[in-house]
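A.B. asks: Here is how the chains run, residue by residue.
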Amino acid sequence: QVQLVQSGAEVKKPGASVKVSCKASGNTFINYYIHWVRQAPGQGLEWMGRINPSGGSTTYAQKFQGRVTMTGGTSTSTFYMELTSLISEDTAVYYCARTRGYCSSTRCFGTSNWFDPWGQGTLVTVSP
Amino acid sequence: QSVLTQPPSVSGAPGQRVTISCTGSSSNIGAGYDVHWYQHLPGTAPKLLIYSDTNRPSGVPDRFSGSKSGTSASLAITGLQAEDEADYYCQSYDSSLSGQGVFGGGTKLTVL
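Residue numbers (the working numbering), protein chains in the order written: chain A, 1 to 128; chain B, 1 to 112.
Just so you know, the hints here were simulated from the structure itself, not pulled from any lab data. Predicted model, so just to flag it, every value in this text is computed and none were measured. Quick reminder that beta carbons are idealized off the backbone N, C-alpha and C, glycines included. Just so you know, nobody snuck in bad clues.
Each computed DSS-like pair below joins lysine-lysine, with the alpha-carbon atoms no more than 30 Å apart:
id : chain 1 : residue 1 : chain 2 : residue 2
1  : A       : Lys23     : A       : Lys12
2  : B       : Lys47     : A       : Lys23
3  : B       : Lys47     : A       : Lys19
Covered by chain A, per the in silico footprint, the following chain B stretches (three or more residues, Cβ under 8 Å):
id : stretch
4  : 44 to 54
5  : 97 to 110
Kindly produce the complete structure, drawing on both the sequences and the hints.
C.D. replies: What follows is the structure, given as structure tokens:
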């Protein structure tokens, strides 16, 4: 059974950066993608982007382009999401999640484009 | 504002049936992208409930079912139980956003 285990909670000041990790274990891992999703207090889920561990190609949500970097690969099965220039609105629980495929502007590829499993979540608090 | 629209809340008594709608557009649900549903309890990771419009992962009770038509999808829960009280999210992808993932705003289910 695949498991995703994330790093612990972080407290950061405005303007700082945060780097959250997500380690995959279990029956890894062919043709999979790691996505990052966040949930701010009282808000819904928000997709941030994805990384293809095989090769490291990334796709980021327009909202986060220029501020987010997703890294990691199959050699360590550990993935990272770094968010820079933090503001109070970045206070949220950040999740990693796996799919076994990805979607483009025309269609989806691979065997699954649903998020399963998910990491346990990492609370990032941005406060002066 | 979320790309997919869900009612903020729904409620029902134990044993009743409730439905949660998820309304999209021609660039996401209407474009043929699958719709997936997640159950989210506070302090836990979201749990996959329905995948590819209508399919239940193993372990999910058959009280949960999904459907899709045109630019909308729905999640139905029959035989409501107290443990079903949670937030529910629909999710798909959007061609106008280059295939980026999109979620509904979430629906809080209250079991009366």
